[in-house]
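Peer 1: Residue-level listing of the chains:
2 protein chains.
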Amino acid sequence: MIPRPVSNRQATLLRKLNKKKYRTKEQLFLIEGARAVEQVLANSSVSVQHLFFDESQQYWNQQQWQEALAKVEGAVLDEELFAEVSDTDNPQGVLAMCRMPAEISQEKLVEGGGIIIALDAVQDPGNLGTIIRTASWFGARGIISGKGTVDLFHPKVVRATAGATCSIPYKNGPLSPALDELETQGWSIYLLDAGPGAIPLKEVSSLGKSVIVVGNEAHGVRPELITGDRQTVKIPSVGENRKVESLNAAIATSIALYALT
Amino acid sequence: MIPRPVSNRQATLLRKLNKKKYRTKEQLFLIEGARAVEQVLANSSVSVQHLFFDESQQYWNQQQWQEALAKVEGAVLDEELFAEVSDTDNPQGVLAMCRMPAEISQEKLVEGGGIIIALDAVQDPGNLGTIIRTASWFGARGIISGKGTVDLFHPKVVRATAGATCSIPYKNGPLSPALDELETQGWSIYLLDAGPGAIPLKEVSSLGKSVIVVGNEAHGVRPELITGDRQTVKIPSVGENRKVESLNAAIATSIALYALT
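Protein chains in written order, with full-length UniProt numbering: chain E, 1 to 261; chain U, 1 to 261.
Simulated from the structure, these hints should not be mistaken for lab results.
Some clues are possibly wrong.
Put simply, identical chains are the same to the list, so a pair is met inside one copy or across any two.
[Claimed, not checked] Pairs of lysine-lysine, DSSO-like flavour, derived with a Cα cap of 27 Å:
#1 Lys209 to Lys234
#2 Lys234 to Lys202
#3 Lys147 to Lys19
#4 Lys21 to Lys171
#5 Lys234 to Lys147
Make a model of the complete structure from these sequences and hints.
Peer 2: Right, here's the structure in full:
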């Protein structure tokens, strides 16, 4: 089975999905590369709508893609259009267009407790994707993506999740009111911030309803969020001879997830 | 002070340093970008030999670079050559050429105990740089870089260390004999591998002389290294609804470093 050529309507849509505005409007996003597409096809949380193949690479001739095409409709793009739509320098010959899961409501998010990750302007797509991957591994309850955080469905974020995209409930929106509401509902807020007053992570005992707040890679957690009873938490360095200013944001978040689960 | 134009000899050398072979031969490596170069200038472990500026960006006019040029010799490259030498798509206007620290001998490495990271074909430069950064944060004793591991002084590795390059003793060479020798000297070998028989990381108690072995991103730790008394260690996932196959290699290593220090 050779997929039919891409339609003009589809080509226009594919070009648009490189922009966050259109991803949100259409509630669709793209995943690129054989390994990544295989992962989402095997991930029941992801609704794959359509597969797209690079004409010059002819992946559809391989048995695994024939099997995939028996379940999901496919189309072929010429090399130039595929490169335009791809966000990588060396496009791999297959793309999946997927439906974005709906955001979770704050009400649903707090049901049952667990660990919530709140992202305050996390800007590096690789960091965000890795945070999603690790949060999924440790069974986090959900992710709140605050203002200034890179789009959860940015192609580079999706790739860095290594197949974990869509596997954790999420909501977008300002962190300040979301954290206030969580606090009134008995959640403990832990801000990853090494400023004065921060306690070492090893001294934090998770009470079953914990929010880990992760700040921007360069500037840390916004001062407005560090208020009242909220506890700042640090991961202390070891030894005297330290040359590093801080841990990477995804590393710090992952260590906190490990320590609190 | 305006730095003089680059000499032909220097230009030839800069071009060569994109290749591992020449980095090793010359015992020199490059660091690119204002933030990264500032970090190594402030890092007493790094011997900065020379600064190079992009003529079109004129960083040398800024006060911080005038101050740097009072201590380290500088030269100017035209835009085309700078782009050729740079390993990034959008070159930032400054490069530092640095001297590679000498490898540590196995004898010196084992003095005093601590945690050693052994890398078995870790291939992603971002992962390796992040591992060096985290290992430096947690005061690791050293790094052994086994066959198939990306060069510790690859430009993308150096950038991902965020200034921690050269801050940890290292040696290159085959892992198998190095691990055998460490074992006979009373070190415990922990292989990050979730295969049958692996114990959860939380059950590992560090005895002060521990080696964490990190495997390749796709294939894990090589079977030849999993022998005898060596303990395989896993970081268990939480919950039933998991969609992820594994943790990222840098994340797993960092969690192990945190847990064992």
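Peer 1: Please flag the earlier hints that this structure goes against, numbers listed from lowest up.
Peer 2: none
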